[in-house]
Structure formats: structure tokens, C-alpha cells
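Novice: This is what each chain is made of:
Number of protein chains: 2
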Amino acid sequence: MTILYTLVGSVCALVFAFLLARYVLAQDSGTDTMREISLAVQKGARAYLSQQYRVVAMIFAALFLLLALLAYAFRLISPFVPFAFVTGGFFSGLAGYIGMTLATKANAKTAWAARKSLNSGLRVAFFTGTVMGMTVVGLGLLDLSLWYALLKLAFQLPDDQIPPIMITFGMGASTMALFARVGGGIFTKAADVGADLVGKVEAGIPEDDPRNPAVIADNVGDNVGDVAGMGADLYESYVGSIVATMALGVAAAHSSTRGLQAITMIQIPLAVAAIGVVLSILGTFFVQAKEDASQSVLLAALRKGVWFSTVGIAVASFLYIMFFPGLGRAYLGIWTAMMCGLVAGNVIAYFTEYYTSDTYKPTRQLADTTLTGPATVIIGGLAVGMKSTVIPVVTVAASILGSYFLAGGAYNPVRGLYGIGIAAVGMLSTLGITLATDAYGPVADNAGGIAEMAGLEAEVRTRTDALDSLGNTTAATGKGFAIGSAALTALALIAEYDQKIIEAAREVLPKMGGIYAEYARGFSGAFDSGLTNPYVVACLFVGAMLPFLFSALTMQAVGRAAGAMVQEVRRQFKADPGIMAGTSKPDYAACVGISTKGAQREMIAPALLAIFTPLVIGIFVGPVGVMASLAGALASGFVLAIMMANAGGAWDNAKKYIERGNHGGKKSEPHKAAVVGDTVGDPFKDTSGPALNILLKLMSMVSIVFVSATMVLNALFINLFR
Amino acid sequence: MTILYTLVGSVCALVFAFLLARYVLAQDSGTDTMREISLAVQKGARAYLSQQYRVVAMIFAALFLLLALLAYAFRLISPFVPFAFVTGGFFSGLAGYIGMTLATKANAKTAWAARKSLNSGLRVAFFTGTVMGMTVVGLGLLDLSLWYALLKLAFQLPDDQIPPIMITFGMGASTMALFARVGGGIFTKAADVGADLVGKVEAGIPEDDPRNPAVIADNVGDNVGDVAGMGADLYESYVGSIVATMALGVAAAHSSTRGLQAITMIQIPLAVAAIGVVLSILGTFFVQAKEDASQSVLLAALRKGVWFSTVGIAVASFLYIMFFPGLGRAYLGIWTAMMCGLVAGNVIAYFTEYYTSDTYKPTRQLADTTLTGPATVIIGGLAVGMKSTVIPVVTVAASILGSYFLAGGAYNPVRGLYGIGIAAVGMLSTLGITLATDAYGPVADNAGGIAEMAGLEAEVRTRTDALDSLGNTTAATGKGFAIGSAALTALALIAEYDQKIIEAAREVLPKMGGIYAEYARGFSGAFDSGLTNPYVVACLFVGAMLPFLFSALTMQAVGRAAGAMVQEVRRQFKADPGIMAGTSKPDYAACVGISTKGAQREMIAPALLAIFTPLVIGIFVGPVGVMASLAGALASGFVLAIMMANAGGAWDNAKKYIERGNHGGKKSEPHKAAVVGDTVGDPFKDTSGPALNILLKLMSMVSIVFVSATMVLNALFINLFR
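If you're matching them up, the sequences are chains A and B in order. Counting in the numbering used here, the first sequence tops out at residue 730, every number present. Counting in the numbering used here, the second sequence tops out at residue 730, every number present.
Isolated chain A (complex conformation) (with noise of 0.2 angstroms):
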């Protein structure tokens, strides 16, 4: 039953976003150097998908056959896991692809509504962010439904089997996320620090300036990076917060004392985020504004919508819940640990905006330091986001401990665990739209590229500015569910990884005999990771290293593939002296090229970085490291890419707080100071933050996916030294 409203919910989703698209697709791209801009975006952003998603297909294959080997050669995973893993990677995919497609067409046609109204602007943009929203939380209900639908109805698996096939479903989307995320974070980081240093600091022009050789570069990589790049990573939450939830349902199923069973359990995340997916539906009803409306009653619309979604979900799923069959008075727990979720991921989101908004104080302050220079900037933003972290810590901290205690883990701690996993699932249940109002910024930012480059009027730049600034403060609150959620879903993936190892050691190692089944007798109860196990606190201190190495490798990937683009374009400026005179034409698709290539090739590392450390420490220290270095890289993690995410975010609103006049102006020393603050923020917000978020989720579901596999060569090893 619960399965047909899931689907329904998920179809009305992509209907949704159907007619939708459908409506800007019919709008007008204005003039034909607006079409002509918007064209080449196109291309280039379709020519880098096409890059990347060969370079994944290639990596995907050879999971593809390592997973096949293990499924059908040992038999020690599920045989439908490979193909799990490949439709997750598929459509995690599909729904950037989907996404960024409509973006790249709507840009030039917000610029063009743009000039009729704020609010005509606002809309198109803000129903190509819709679109994305919904073909995400879509298309991750109906896959999910299809996968469940599949294994129950047609292979007739039982319940506890069918989890651990969706959690290699969400491994695959995590999979393909972080290559987004990281590929298309180093694209588009390198094209907007290639084209800001040689265009704006050596040259003198402004930017978005057709000059500028690195401009389609860097129109393309908000595209491929800020639109599809976070359509693959939130889909990736939000399967994944699902998945992890459910498989935790099955372990709550097993030791409920109430009698509750494997179905009710996994139905129940599916249920919330079904309810989700209809009320953000109906939220968006809710952004409407009259035709002449200022920014901030347009703000107040989007905020309405988000708030008529949060309010509709909380009161819809008590009552689902509490007439869902089979719950009993469990409903109650279950209810309140979804709510610790949803108004923890509210409170994160406002302290978000707090800290990175120009109306607050912090941003304010740093703003003020400009005055004295780079350096101060740089630690004025670095101390900013540190001390962001304390409120979103503290939130998560306290949302873990009540979800956890509301859901009855004081009698049953695995339901206590299954709460926490609710309470990423009711974080979440609101993506619909937040991811919708989170989207449509990188469409105005790039609608605004477009009206400077085909030279609409100053008007119109002033609109899309507008919306832009409005886009930074959605985005911030995104942001900020993003992060709650990945904390919640991590923590619930630990768990599940811990009854995995138990599971691992009863009931396959046993069966292969001799030091197997010697080895599983360790972990064929509760095994001990107490914080005075010396494997816990060696491999603690790994996993929390772990965040700054994997960010240390996309920085520098950045770096250097922002160093080519800077080499390519003073290079077409000397060259071509006609550039700068605007006589002829820079070589756009060379900037283009050099970013994919850039992107291509130093996404590798840091990708393999995730997904290969759990299994080493698996085989060569054992399951408790591997737990610990998964709590270690989560709470390290955790804490900074919040930093990263606030203090990127500071920066770039303190350089426009600037921009609009205050201390002096744009090119005034204090801006010069501001943009280098920028410059340090965007790899920070945009590349290394936010990739931090799946790195945490998919070294645990590789750990869980494979726990069978390392645990029989940690056997192995040990063995070694007998």
C-alpha cells in the first residue's frame, strides 16, 4: 500500500516537473547573442557531461565487475548488488543531467523575463530550480519504489533482505555524486579563478565580460557544477538518508521486543518522504508575488513555500504515522525523532544564513576587516567559520540524542538508532523545495553573465543581481540541510555498518570454516569500540585526518587546473591583441577544453581516496578500525565542511556587501582585499565543502557493502602473523 502511494507521489513529482519545464522551455531566449551565449553554455556544459560521464562509466565498470565477482564467484554479497550499484550511479546521473539540461536552456530566457519584471525573472528561474527539485526527489522515490517493488512483488525476497541491495543502490549514487561534485566543483573553480585573476585583477575588465576567453568557461561550470554537480550530490542525501534508515528497520524489526516488523519499518522512511515530495509539491503554490514586488517580499514568498511545506509535512505525517498499520503505540517515537530532524535542519539553515548573510553581524565584520588588507580578511573568514560550527554541532549533537532517546533507544538502542536515521529522512522530507529555491540561484547568476555579455540594459544586470543575492541566501539555507542531513545519515550508516560486522560474523563466516569461523567468534556478539581500545583511537585520529587530506587534494586539484586556465588565457590576450580591443573573438572552447581535462583528470584521486582507505584499513586493521575511522572522518569531517561552506559563504557576501558602495566600492583596496577572500572561499563552498558531505556517506556504504569481503581477508592477514 505504502509502496502505490510512494509511486504516485513520485510520478505527481516528475508530472510536476514535467509541465513545468515544459512552461520555460516555451519562454523567450531574447536576441540571438542571447541565443548564441546560451548555445555555447549549452555545448560546453553538454560536452564536459559527456567527458565526465566516460571517465565514471570506466570506474563504474570496474566496481561493476569487483562487485560481480564477489556476488557471483564467493557468493558473499546479494547477486542483484551489481546491478543495484549501477542504477543508482545511473540515476543519481540522470537527475543532474536533467537539471543542468533546463538550466543551461533558461538561463537566457530569465535575463530576457528579467526585463519585464523582477518577479517575471524570479519566476522562470525559480521554475527551473522547481524542475530540479522535483525531478530529484522524484526520481529517488520512484527508483527506490521500483527496487523495493522488484525485489518484493517479483523476486519475492523477504524483507531483511532487501535493504542491503538499496544500500549499494545509494553506494552507486554516492559513487557518481562525489565524481560530480568533485569534477564539476574543479571546473567550475578553476574557469571563475582562471577568468577573476587575469580578466578582472590583470586586466581591468569587469566580469561576465565577453573578452574574457575564460567567460563560456566559467558560465559553463556554474552549470555543471553548481546545478549538476549538487542535483547528483542531493540526490545522493536524500537516497541515501532513506536507504540507511531502512536498513536500519530491518536490525530495529529484529530486536523489537513490541513485535514490530521488517516491513513496517522500511515503509516508513519511503512514507515520510512520499508525504514530503506531495506537500513541496504544494509549497511552491505559495511563491507567488505581485508583478512590480520588491526583493524582500519575493524573499518572504520563497520563504512562505518552504514554511507552508515544513508545517504541512509535520502535521500530514503525525497522522500517517500514527494510523500506519503495525506501529502501535510506537507511532508516537517514531513521529517525534522525524520532527528532532526537520526542525534541526531549520535551525541549522537559519544560523547558515546568520553567518553568511551581509544583514548579520559576522559578515558585517568581515567586511570591516578589508580595511586592513588581504591578510586580515583571510583570518577574519577563516575565524567566521569556525565559530559557525558550534550552533549546526551543538543542533546535530542534541538532535541525535533526542531522536535517538524519542524512538525508544533507552529499551531498544537499534530503534534508537533507526530514530536518528528518521530524523535525516524528516530532515530531508523538505528537499522538494529547498533544493528548488537552493537551484535557482546558479540560474539568475548565470542569466545575469548572459545579460552582461549580449549588453542588455544596466536594469536588467540590477535585476539579476537581485536574484542572485536572493539565490546566496537560499542556497545558504540548502546548504544547511545538506550538511544536517549528511551528519544524520553517516551516524545511521555507522550503525548499520556495526550490525553488519555482527551479521558478517554470524552467519557468513562461520560457514567458510577453519580461521574464519575462528575469527568471527570476536564480532559474533558486541564487540568492544570503546574510546580506550587503542585500534579505535589509532584509527580515530586516521579518519579524522582523512577531511583535510581529501580537502587538501581538491584545493589543489583547483589550483592547478585553475593555473592552466590563467596560462590559456594570457595567452589568447597576447597572442590576439584584438581581443582586448574587442575586434575579434577569444577562443572560447579552448577554456572550455582545458577545464574538462583539468577537472578529468584530478577528480581521480580524490574519489579513489573514498572509496579505497575503508577497505585498506578493513583488510589490514579490521572492522572496529574501519568503525572508528568512519566516526573519526565524521566528526573531523563534519565539523569542517561546515567550516568550509560558512566561511566561503562569508567572504562572497562580504565582497558584494562591498560591491553595493560600502567601504569604498568595487575597485577600491578594501573590494581588491574582499575578492581575494572570495577567491580562498570559492574552492572552500563550492569544491572541497560540499564534496566532504559524500565522502562521509559513501566510505561508510562502501564499508557495508563490503564488509564480508574485508572481514575475510582481515582474517587472512591476521592469519599471517599466527
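What the hints contain is simulated information worked out from the structure, not anything from laboratory work. Among the clues, some could well be false.
All copies of an identical chain are treated as equivalent in the list; a pair is satisfied when it fits inside any one copy or across any two copies.
As the list claims (entries may be wrong) - Quick list of in silico lysine to any residue cross-link-like pairs, SDA-like style, CA-CA up to 25 angstroms:
(1) K674 with E210
(2) K369 with Q575
(3) K369 with R609
(4) K208 with I271
(5) K605 with Y339
(6) K582 with L623
(7) K680 with Q575
(8) K519 with P87
(9) K675 with L721
(10) K605 with M330
(11) K369 with G522
(12) K675 with A211
(13) K312 with R578
(14) K582 with L379
(15) K298 with I271
(16) K582 with E677
(17) K369 with L617
(18) K369 with R568
(19) K605 with L379
(20) K680 with R568
(21) K605 with Q373
(22) K680 with V209
Please arrange chain B on chain A, whose structure you already have, making use of the hints.
Specialist: For chain B alone, kept in the frame of chain A given last:
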């Protein structure tokens, strides 16, 4: 018997320090101008320290009263504890004070000696550093031996009651060290940044130019931060590693099945430290070179001294521990555990140098990033810092596992934890000589400043610069030891806290009856600190956030104090144009006063954070939460401290590399970009980074000392919800 040896060892160190100090003081201070400048620095430094001690004395008085209340009114801790706390603080401050007093007198003498030859300059500076090194280890060992002798012989306390009192001694030392590091760090960086931003960047006058009003404050800062702060810091590290190991020794003896006695286990760390002191003294005699020695010959001489001490300690401690009464066959395990620390310290030191010295690739590549402006320098430096965490973290993780299992942790977990403590003691056993090579750097740096201000020949400045650059290399080594040993010591302290929870639950709370006895039952055996306990994960997050918050507070403090300094320097330049013309003298004292006031005001909040956070978590969440937050803070703080120290070192040396004529040399655009990096790195490497090491240990010690009190209050708090 061991106590006699340690007393002899400590007296040797102090006598040696006294003789060297007499030699240094007998040197010529040079011209009248030099004497005058040196006197101004002495006066400023003394003024600062006496102001700092006044503020700290009040905080110590408050904590003394709190401890006295717990000891005498509630009888929750030993009556010796309040006095141990105060003496620890006193001697930590004294170690810094002695070192600093000599350093402020030796700077002019070093400059004058450098007129003769590089080697003569090195001798005076190195002897001054050696006085510091020997004072720290001599005083540390003396105080520990005296307290031990007093409690054991005069008060006849049983062996297992002594270490808890000694831990409070360590807590006193850490509290003082935190104030010294944070206060001194804020002072020195505010003065440095203030002097550079207005002097070098705005007014375009060279570093150490006497026309700069902040120049004396800058020199005072080197002494109160890099000398007095470092002295207190390393006194704390040294004492902390020994008392933590002594405390675990009692628990290890209690749980021993081989009949090991507490007295044996307590005395071993003292014995290893005493051997280290003697070998460090001998090692300094190897630091000799011919009069016309080049820089690389001098570096080799410094290294020879350290290597002699290291090998000597390895051999001597093997012989000593082998024949140690009552150890039996356990000697080999304990010696190899110690060697894990000694080797790990050297590995970390080597790679710290690799990442921060401009003779290797990372810093060279960082220098290359200056070609594309300050933003890429910042991104590059952060990436180098983050990448440089890999090897130290893996090394420490390996030495945790190594020392744990070599010391017999597989059979007796507590002895394994004791092994980790012994590894920390082993790592710091060479402190006498490594600190000497570390502390001479600031002396050489100051000598250069005085040479510049007094207008000595350019050749002298070249020589002091060479000495300073040598000092940067050896300082990197010193930092490696400080960070590595902090991780091991903090871990040993967390393990000791775990023991103390059980002890309090078995021995203290049951006697109080009622809700307290009931509460205690849950902790009287092994309790669940596993990674699926929600309290553990929630507090792991909160703990991991603390180092970020602490760094934010200290960096913002530097920013604010530097801002005040910038205003003052600008004001002086504006009020009296004669200053720039060189006809009238700037008001140096005003700048010293501003840095002093700023440091005093700003050091309070971060220090209180360290002291009160574990208490608050202990009362409202409970002891498991405290343990998890300590582990979380250790995991993220350890990585963050390495990152900050190494990024700062790399930026500093990249700037120096350019100043030697690369990429256009001084005053070129790349140099300006490098200065931005160096300025950001200053608070990283000299304020926030090193203070993190102290923070981690202080938090653990506070938790241990207040364990019974927080458990009583936690029981009360929980009872509120019944």
C-alpha cells in the same frame, strides 16, 4: 633510589643551566644603542609578564578556592590537591620567566658576537636556548621528584594515592601554560601584524626599522610569546607526559597478573626522564663547529647533538630498565614502547621539516603560487598544511598500536595504555636538547632586529638571518615533538579518566548513598563508550568542534589586538611627521601597552573554554559524554594543530625563499603575496596551533581532577528528570 637519581639529574641540569647563563651574561652587549634597545625590550617584556601574572594569579586564586572547597568541605579530593595545582602553575611560569629573562639580555650579546663570526653568534644564541631547555627539564624533574618524595617519605602516602595529586600539579602547569601561550601568542602576533601592516605595507619601511613605533613591541612579543610562552608550554608537556604515565602506572600495577608493583610503574617514567636529561646535557657538547663554519656545517653540528642524545637515551634506558628492580621480563615491553615514542618523534620531526623547509618541494611549490597572487598562496598553504597531517597522524596511530601491544596490552589492557604513556615520555626524553635548538631561534631573530635598529654592518644582519633561518628549521623539529607528544599524552589522560570514572563509582559515590550510590552502579564496571552509544557520538561531534571554536576565538583575538595596534601606529605617524623623517623618536611604550592590554583581555575567554567545557558536559551529559568529547577534541584538534603549525611554517619559509631573491625578491608582487600568506600563518603557527596542544591536555586533566564532583552533580541533574 630512582628518586635520588632524578634529583641528581635535575640538579645537574639546573647547575649546567646556571653555568651557561653566567657565560652568556659575561658576553659584551655591544654599543650604547644596542644596550638601550635591549633594555627597552627587557623592560617591555617584564612589564608584560608581571601584568600577565597578575591576571593569572586571580584566576589561580579562584580555582584554588574551588579545589579547596572540594578538598576540605566535601572531601571529594585529596587535601594536597589545591597546593599541587598552585605549585604546578608557579613552576610552569617560572620556567618561562627564567628563559625569557636571559633571552632578552642575550639578544644584543648575540648580535655583537655575530660581528665576529657565524659560529660565535650561534654559540651565544644556542647557549641561551640551552639554558631554557635545561631549566624546563631540570625544574620539571625537580618539582616532580620533590612532590613525590614529600608525599611518599614525609607524609607516607601509599603509592597509589600519589599520582592523582601529581596530575593536579600537571593541571596547574597546563593552566599557566595555556595563559602564557594564548596571551603571549596574542601579544606577539598583534605586534607583529600591526608593525608589518603599517610599517612594511603602508609606510614602505623595512622590517625592524627603528622609525616603526611597534618595533619594540614586536621584539618584546618574540620574547613573551616564542620564549616565555614556549617555555611554559614545554614545561607543561614534559610534566604532563610524566604524571599521566605515573597515574596509569598505578592502574596497570593494580590489574597486573605478573605481580608488578605500583612503585615500579610510577618510577619508570621519572627514570626515563632523568636519563634523558643527562644525555641531553652530554649532547650539547657535540654542538661545536670551527670559527669559519658555514650554515650547513652548523646545522649538522646541531643535528649531531640531537642524534647523540637520542641514541644515548635508547641505549642507556635499555640498560637501566633491564636492571630495574621488580620489572622482571616486562622490561622489554616497556623499553620497546618507549622506543615507539622516540622513533615516532623523530619521524614526525623529519616530515615537519620536509613540509615547511624551502629546501624541499612543498614549500618551493608554495612559493610558486605567489606568481598568481595572494589568493592562490592562501589556498596553496592551506592545502600544504592539510596534506602534511597525513604522516604525523599515521605515525602517531602506528605508535599507539605499537606501544600498546608491545607493553602487553593484549593480555592486560591497562598496561597497554601505560605503554602509550611511556611512548610519550620517550618522545619527550630528548626535550633538554631539542628545546635548546628550538629556543635559540627567537634569540637569533631578536639579535637580527637589534642589529638592524642599531645600524650594525649589513654582514651582521646576514649572519643573524642565517642563524634565524637555521632556527626555523630546528623549530619545526621542536614543534613536531610537541604535537606528537601532546596526542599521546592526551590519550593517556583519557585512559586515566576512564579509570577514574570507575574508581569514583566504586569508592566515592557509594559512600554518599541514595541516588548517588544508585547512579554509581552503572559506572562501577566497564561501561559502554562504544561508537554506537548516542552519548558517545553526540559528544564526539561536540568535542571535534571545540578546537575549531578555540582557534576562532584566538584568531579573532589576534585580529582585534592587531587592529588596535594598526590604529596606534597610524596615529603616531600622523601626529608626528618627524617619526618618518627620523628626527623624533616614536612612542614605543604606547605600542607595548596596547599589545599588553589586548593580550590580557583576549586570553580569558579561550582559557575558560578549556576549563569549563568538560565540567559542563560532565554535569549535564555525564562522564561518558566527557570521555567522548575529549576523544573528539583530541582527534580533530591534533589534526588541526599540525595543519596550522605546518601551513604557518611553510608560508613563513616561502616568504623567506622569495626574499632571498627568487621570483623577483623583496618588494616584488610575488613577495607581497607571500607576505599575505606569512601574516595569515602567524597566528596559525604561533598562537592557535601550539595552544591547541595545551588545550587538549588541560581539558583531560580538568576532567580527571573534577571527576567525582561532576559525577555527583550529574547524578543530581539526572535525578531532576525522574
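Novice: When the structure is checked against the list of hints, which entries are broken? Sort them ascending.
Specialist: 4, 5, 6, 9, 10, 11, 13 and 15
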